[in-house]
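Go ahead and model the full structure; you've got the sequences and the hints to work with.
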Amino acid sequence: MKSVMVTGASTGIGRATAEYLAANGWRVFAGVRKQEDGAPLAAAQSNITPVIIDVTKDDEIAAAAEAVSEALGGETLAGLVNNAGIAIMGPLALQPMETIRLHFDVHVLGTVATTQAFLPLLGMDADRKGEPGRIVNISSFGGRLASPFLGAYCAAKHAIESLTHSFRRELLVYGIDAIVVAPGAIKTPIWDKAEEEKKKSPYAGTVWDEPMEKYNEMFLEAGEKGWPAEAVAQTIETALSDPSPKAHYALGPDKLVNYTIAQRIPKRMVDKGMGQRFGLLPQT
28 MKSVMVTGAS TGIGRATAEY LAANGWRVFA GVRKQEDGAP LAAAQSNITP VIIDVTKDDE
88 IAAAAEAVSE ALGGETLAGL VNNAGIAIMG PLALQPMETI RLHFDVHVLG TVATTQAFLP
148 LLGMDADRKG EPGRIVNISS FGGRLASPFL GAYCAAKHAI ESLTHSFRRE LLVYGIDAIV
208 VAPGAIKTPI WDKAEEEKKK SPYAGTVWDE PMEKYNEMFL EAGEKGWPAE AVAQTIETAL
268 SDPSPKAHYA LGPDKLVNYT IAQRIPKRMV DKGMGQRFGL LPQT
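This note's numbering applies: residue 28 is where the sequence shown begins, and numbers increase by one.
Since the hints were derived computationally from the structure, they do not count as laboratory data. Since this is a predicted model, take the numbers as computed values, not measurements. Think of the CB as a built atom: it goes at the ideal place given N, C-alpha and C, for glycine as much as any other residue. Hints may contain errors.
Computed list of lysine-lysine pairs in BS3-like fashion (alpha-carbon distance at most 30 angstroms, straight line) [said to hold, decoys possible]:
hint	residue 1	residue 2
1	Lys-214	Lys-252
2	Lys-299	Lys-282
3	Lys-156	Lys-84
4	Lys-294	Lys-84
5	Lys-299	Lys-241
6	Lys-214	Lys-29
7	Lys-29	Lys-273
8	Lys-241	Lys-252
9	Lys-299	Lys-214
10	Lys-252	Lys-273
11	Lys-214	Lys-282
12	Lys-84	Lys-61
13	Lys-61	Lys-29
14	Lys-241	Lys-294
15	Lys-282	Lys-241
Between beta-carbon pairs, the in silico distance windows are [unchecked claim]:
hint	residue 1	residue 2	range
16	Val-234	Glu-97	51 to 59 angstroms
17	Pro-229	Gln-290	28 to 36 angstroms
18	Pro-67	Thr-265	20 to 28 angstroms
19	Pro-270	Gly-101	21 to 29 angstroms
20	Asp-85	Ser-271	32 to 40 angstroms
21	Val-234	Ser-271	32 to 40 angstroms
22	Ala-153	Thr-233	55 to 63 angstroms
23	Gln-310	Pro-270	53 to 61 angstroms
24	Val-234	Arg-196	37 to 45 angstroms
25	Ser-193	Met-124	23 to 31 angstroms
26	Asp-152	Pro-67	28 to 36 angstroms
27	Asp-269	Val-200	42 to 50 angstroms
28	Lys-241	Glu-102	30 to 38 angstroms
29	Thr-287	Asp-154	16 to 24 angstroms
Spelled out as structure tokens, the structure:
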């Protein structure tokens, strides 16, 4: 039975991935921040083992790697899925620096620190038995398309994509692969959080008040029409098990318009389109 570590498995894509992989014969170490978050996962499937890990805390990362190492009993880990993440809306001109730093602490530094801790299990330790494992890092359409009011999130996801490609090229020597999975609109609790943020926005009364309201409405509508998290889980399993995986997978509704075409047209055209849609153009 192949083993995989999934961070951010309490809810959303992480939980769907843990449950999907377990149902398809994987032994899953499900990273959660609290014991109570892990209990439902362990109860759902016998081959899911909750592991406490906050990816912003070095001691918890080290303890999680040690716990998984002991459980593997000298075998390699087949996969590491770096999924833990946050998304807090706000205009970069006003968003508190502690919030911006938190995005990078979780998405970027957390991904690097967790990967470093688990690399010996994935095949850097020559004494382990088994094939080298794979790293799957969860990005987003936002990793290549910079949205207004999600600047910190998009920048962090963009960094994750770059880091993944660098890891993959450096780890060729060990045969350890690194792959990006970039979802678009997916039905997860992040949309509920967006609704809560809308109710308590600290940016009321600023020039970005109404544009953020319009953006939030679009964001919530996209969530309602989003793909199920299980679709991402299926793509993650493909990335983990395909004999010849892609380096980058992107999936989600209206991918052609919202992702492919949007990357290929001039950025000034995208600026104008977003400005008109969200009321960000100067008033004349």
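Margin query: Going through the numbered hints above, which ones does this structure break? Give me the numbers in ascending order.
Written below: 4, 21, 27, 28 and 29
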